[in-house]
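> Protein sequences, first through last, are from chains H and A.
Here our numbering is used: the first residue of the first sequence is 9, the next is one more, and so on.
Here our numbering is used: the first residue of the second sequence is 17, the next is one more, and so on.
What the hints contain is simulated information worked out from the structure, not anything from laboratory work.
This structure is a prediction, so every number in the text was calculated from the model and none was measured.
The beta-carbon is built from N, C-alpha and C at its ideal position, and this holds for glycine as well.
Certain hints may be false.
Unchecked claim - Facing chain H, according to a computed beta carbon distance under 7 Å, are these residues of chain A, among others:
#1 Tyr84
#2 Asn86
#3 Leu259
#4 Gln260
#5 Val261
#6 Gly303
#7 Ile306
#8 Phe392
#9 Ser396
#10 Ile397
#11 His504
#12 Ile509
#13 Tyr514
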Amino acid sequence: MKQKRTLSSLRTGESAFVDVLDECLFTCKLLNLGLLPKTKVTLVRKSPFGGAFYIKLGGYQLAIRIEEADTIYIDDL
Amino acid sequence: MKKVTRPKFALLGNPNSGKSSLFNYLTGLRQSVSNFPGVTVEKKSGLFEWETGKEALLYDFPGTYSVYPNSSEEKIVVNILTNPDNENYPDLVIYVADATHLERHLLFATQIHDLGIPMIFVLNMIDLVENSTEKINTIPLSSYLQTDVIPVSVRNNINLEAISVSISKLLSSKVKNTITPTYEITDVEKFVSTRVKQLVGVDNLYQAKILAHHFMWIGHLSSEVKAQIEDVVAHSGFNNLSLQVHETMNRFDRFTSVVMETIGTGKNEQRTLTDKVDDVITHRIWGPVIFFAIMFLVFQSIFSWASFPMDMIEQGFATTGAFLSNQLPQVWWAELFVHGLLAGMGGVLVFIPQIAILFFLLSLLEESGYMSRAVFMFDSIMRKFGMNGRSMVALISSGACAIPAIMSTRTISNPKEKLITILVSPLISCSARLPVYAVLIGFVVPVGDVFGIFNAQGLAFMGLYLLGIMGALLSALVFKAILKTDAHSFLMIELPNYKPPIWKNVLITVKEKVSSFIFEAGKIIVLISVLLWFLATYGPTGAMSDAVSKTETESMEREMNEHQKQNLMASHKIEASYIGHLGKFIEPAIAPLGFDWKIGIAILTSFAAREVFVGTMATIYSIGSNDDHQPLRQKMASELRPGTDVKVYNAATSLSLLVFYVFAMQCMSTLAVVKRETNSWKWPLVQFVYMSIMAYAGAWVVYQLMS
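Just chain H, same shape as in the assembly (with noise of 0.2 Å):
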């Protein structure tokens, strides 16, 4: 079976839904600002200097790390 994406594996200006979170130490707070299953999220552009994502869900705009992003399961739209 093939390997599940996560949210860093998202092209610039690639969409996706929220399948499910890893859980760990912060999931509550990415679940706060709206990263909830069958969301759907747009990664518009990485940081200048690599590491963090501009991230843009449900008509508002949230930047998360990379690491952060690893913990997001995606399912193609």
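Once you've looked at the hints, dock chain A against the given chain H.
Relative to chain H, chain A alone:
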């Protein structure tokens, strides 16, 4: 007289909900800022008259996402909300939510509801939702939360008077609603919460559940109770993390439909103005370019705009001091007042322009939403040094003055990142070092060009700045490795839509920063400057009268005029003072750096502020204070070591002294501000020691290599 006990109201809500703007509206200028006990998290409070003659103490709590916190600010909120005996525990919560992101902002409100704290729900930014053709229906939300829902716009002053009406209604109603929890707890949670409820002795089951999750860091639980809770939790299959996630997901599931009924679907995917602006402002190349352009502007404005008012303040104090010196009798208390107290107060007030200008500009950047973009862009770089994107702004501001820069670290929520930023900021060369560099650099680098284009002294200046920057980054790496922290470092930050700043918020920030500097750091600064004045004015018995008689004979022999005589007197007096003795006492310690006791005195006195070095040198060489450095430089250039024909200010000593000033913590005002921001003497002390060691070691290496 009867003591009036005011009810306590708390403003709660997520970050970016407009909570603080509402706080400013409700309290006006009747507000004060202090710290929560034991921590440096700001506690803003103010008086709010919700009905004629009825005043409440209103707290603006830190922005919070949920009762499962990630930052020290949020932990404080949870500590208070789970302890009805806490002095800050609110009688009533005014919950503020952003209507355009109602779903996210609702979560914490449902948790407060379940805790059984009386609440009114303020739905802010209503104009932004209603613009986009949706009409708001507050009834479903109101019945879900069993509370009044008040649609308002704080920015555009819509319906704000309804808040007071709703509060009056809630406080006068005698009926106490039994709350219907908005989360149905699982069997495990119910079992554990019931046990905790008995152990701690609380009424509310949900409160007990939160205690079961967080008992480790909840302040008001005794260690005995903690051990008992730990026992219950460990033997019941209560999976802390999973259950937090479960609860959060469950809450969202339950209220999604309520949100739909209240504000409609409302999620349009059109490209907004913010998207278009961010295409440029967070662009891979343009983003950093624009950031540095903005920072250059900020830097320039503290550096040059502030210099005029600063000169005015200095001039004003100098004139007043001179006037009073002439008017007052020549007694010790007049001296103390003019040269100790008044000079110390001048030393405090002189920082106001820089602080006011920096915070005016920074709060514009913060209010408009730009700051979180800077955090996003520089997160990865600053992280390598154990700091945060916001540290970048602080470090650049330090190039003008470390004091406002350190005060700006308040907005860094991770304690370790904040501490490192505070500790290394003063290594960036600030404007007070410039006069010192200017006097000394000529002894190291001759006037002239390098490769025909670069000004040699200009290059040397740049070298000193780079040395400071490198010192700051290397120290940051060391602190990153040494300092321990429990707080997890994360980015996860909202990039709010761009909006024009609310001027009232900006002005209140400036006022608050200036007054807290004057009244808190100012006290320490005045105290130290009085002490320094005492040490430089008084000396051991005999020494001072010797200085006077020595001046009399010398001035007679050399036929000096009154002015020259006074300069000579000042020179002999400072040598005979306690600080002069101290300078001679430390001479053996600083000799390996190439410094004599005269430099020793100047190093000691410039603890008041680095630029004092120049004035002290002028006094020691009996030149008298003057803005023109030329006579001083000539005098220093011809100074020989006693009994030899070796120049004191040869290249080796001068460069060693320059390096010493790049690294040394020669600023009592910075230390006073660090004390205030870290809430202890430990960190300013650590900072003083480590920077002094760097300065000594750096100067030693330079001098030993060059001589």
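> Look at each hint and say if it fits the structure.
Structure-based check of all given hints:
Look at A:Tyr84: its Cβ gets to within about 4 Å of chain H, closer than 7 Å, so that hint holds up. Interface hint status for A:Asn86: upheld, as the beta-carbon distance to the closest one in chain H is roughly 5 Å, under 7 Å. Here the hint on A:Leu259 is broken, as its CB sits about 10 Å from the closest CB of chain H, past 7 Å. For A:Gln260, the shortest C-beta to C-beta distance to chain H is roughly 5 Å, which falls under 7 Å, so the interface hint holds.
The criterion of a C-beta within 7 Å of any C-beta in chain H is met by A:Val261, whose closest approach is roughly 5 Å, and the hint holds. Interface restraint check for A:Gly303: the shortest CB-CB distance to chain H comes to about 5 Å, inside 7 Å, so the restraint holds. A cut of 7 Å between beta carbons decides the hint on A:Ile306: the least distance to chain H is about 11 Å, and the hint is violated. Against a cut-off of 7 Å between C-beta atoms, the interface hint on A:Phe392 holds, since the closest Cβ of chain H lies about 4 Å away.
With its C-beta approaching chain H no nearer than about 3 Å, A:Ser396 sits inside the 7 Å limit, and its interface hint holds. Interface hint at A:Ile397: satisfied, since its Cβ lies 5 Å from the closest Cβ of chain H, which is below the 7 Å cut-off. Look at A:His504: its Cβ gets to within about 5 Å of chain H, closer than 7 Å, so that hint holds up. Taking 7 Å as the C-beta cut-off, the interface hint given for A:Ile509 holds, the closest approach to chain H being about 5 Å.
Annotation: interface hint on A:Tyr514 violated; nearest CB of chain H at approximately 10 Å, more than 7 Å.
In the structure shown, a violation is registered for the earlier hints numbered 3, 7 and 13, in ascending order.
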